[in-house]
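> So you can see what is in the structure, the chains are spelled out below.
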Amino acid sequence: MGAFESILLTVITAATPLLLAAIGELVVERSGVLNLGVEGMMIVGAVMGFAGAQATGSPYLGAVFALVSGMGMALLFGFLTLHLVANQVATGLALTLLGLGLSGMIGEAFVGQPGIRLTGIEIPVLSDLPLVGRLLFGQDVLVYLSLALVAGVSYVLFRTRAGLIIRAVGDNHSSAHALGVSVLKVRYLAVLFGGACAGLAGGYLSLVYTPQWVEGMTAGRGWIALALVVFATWRPLRVLAGAYLFGAVGILQFHAQAHGVAIPSQFMSALPYVATIAVLVIISRNRILTRVNTPACLGRPFVPDR
Amino acid sequence: MKKLFGIALAAALGLGMASAQAEDKLKVGFIYVGPIGDHGWSYQHNQGRLAIEAAFGDKVETTYIENVSEGPDAERAIERLARDGAGLIFTTSFGFMNPTLKVAKKFPDVKFEHATGYKRADNVSTYSARFYEGRYIIGQIAAKMSKTGTAGYIGSFPIPEVVRGINSFMLGAQSVNPDFKIKVVWVNSWYDPGKEADAAKALLDQGADVISQHTDSPAPLQVAEERGAVGFGQASDMIKFAPNAQLTAIVDDWSVYYVNRVQAALDGTWKSEDIWGGLAKDMVLMAPFTNLPEDVANEAAAMTDKIRSGAFHPFTGPIFKQNGEVAVEDGIILDDGALLGMNWYVKGIDDQLPQ
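The listed protein sequences correspond, in order, to chains C and Y.
Just so you know, we're using my numbering here: the first sequence kicks off at 3 and counts up by one.
Just so you know, we're using my numbering here: the second sequence kicks off at 148 and counts up by one.
Only chain C is shown next, with the shape it has when bound in the complex (with noise of 0.2 Å):
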């Protein structure tokens, strides 16, 4: 195996779980919605997925349970905001500190075990091929569905009615309710969406990333999904090309740093979060960009009746 081909590998790993999360949250946000409690569903998605694969033997079945458990956090943030109207930011705050919590009492037995690896796939001939077989026929199921994800992503938001709807519930609720889109049940069902993707993240890390359970596992992930969906700037193939540059650039750091390059590693760990705010300070100089893209009602919350 060559050494790019292995960099690539890597990389490929690194950026999987942050776009996983991070194609989830757009959505929300497209929606309207600001959910900042993407940590908290991926660390439950990952102690879930753990035990999934632990209960039932399949990696598979471990990565479904991540998804539904993510889906479960995520209804119980869109039951206090988008029903009772709690405030996004401090209610997802809350979801993130829970997250952790019950991540850490649930995984408290798993502590110590080794993990089921969630393997690539394998296809005949095609996985072989020299350069490119393992690269493009060799990952894992999830390296595949977030790529998918994207496609589906971008397709359904700006190619389809579906879509159309989504982005008008978060650009302006008051008009599509009055366009007759129930503007809670659109927001609804952009916020599970959004918690199946960020379990399934957390899932990638404990069954594919490092098949194993540890307290915190996530390790501020969550927060750079989000920070990778302003980075983008709510653009699908653009959340697919920041979180590949962002996985890229820690591992090229770590590449860097084995070949004697003395690159500060605090400096690297903060570029993620100092490309998004110097993202922020251009689109906002830029009235045109914010406009189309930012959607106009995020974190606005809706109650139909006002």
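Keep in mind that the hints were calculated from the coordinates and are not lab data.
Be careful, since some hints might not be right.
[Stated by the list, open to error] Partner residues aside, some chain C positions facing chain Y, computed with beta carbon under 8 Å:
1) ASP130
2) ILE253
3) SER271
Here the structure is a predicted model, which is why all the values come from computation and not from measurement.
We treat Cβ as the ideally placed atom computed from N, Cα and C, and that holds for glycine.
Since the structure of chain C is already known, use the hints to place chain Y on it.
Here is chain Y on its own, set in the frame of chain C:
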């Protein structure tokens, strides 16, 4: 309202009686910096707490507070344990040093033990473990097992504790192969399985075939297992995560020390001390030598005995710094002060130490 007050009073009295009953028991409190589920540093301290319970049964009662951050919160947490009647309190992270001393001043009758610190008082002991002893042994093993002559080393933060470990590892490796190379990568975290795994992959991709780590998760070992490389467990025996890749592990074992100190407190012989114990005091253990040729395993066991008996010290001169300057004269053993403040690499390490 009156009734409510009565209930509260009764409850308070009840509590008072309960704590009066508990008086004859020694209450032992622990403050952990991380979750006990980290399978690393805090996990091992908690194993020590469980050992106390197993050893003394009804004679002691243990409590702990986990996830205490190293700031103003720490003082409150420690004080809470002291107010709850703890007679002996272990604060298990470097950053708890000043809070521990502050609370100790307020509670002169409570005994405190602070891990890895250097400030003491009449009722505050300090203790730490000489993990570098184990690092010398794994350095020798690494040099014997490596085909490429290069080891990858995953560091957390460039603090003396970690730098000392890297140097000790390198000195061990050089005693076998003077041209041995080491690649160091800093992940800037004690604990991020994903990053640790990425770092391990990067090191393996760059020609290292042995991985050593000074971070807490088993992720690097899992990567080694997957890639057919070898490595060493950290803090606890991680053989379950890498049955074919773990050669041995440097295990933090606080249980013997904790049981001894609780015994001393019960006997009334406890006094403020500074304990920096290693293999000899059973505070550092080597996990079984596995996946090794018999002669390498035997030599490692022999070296372990040699260090344990005091016949050999890893930092015995001559030792040179990177620029060739003499750090330790021939035949001299580096003193503990210099070990504790170590901020230089030994000759042969090509990397630059981040400052």
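> Each hint: holds or not?
For each hint, the structure was consulted:
no. : hint   : in the structure
1   : ASP130 : violated, 18 Å
2   : ILE253 : holds, 6 Å
3   : SER271 : holds, 5 Å
Consistency note: the structure conflicts with earlier hint 1 alone.
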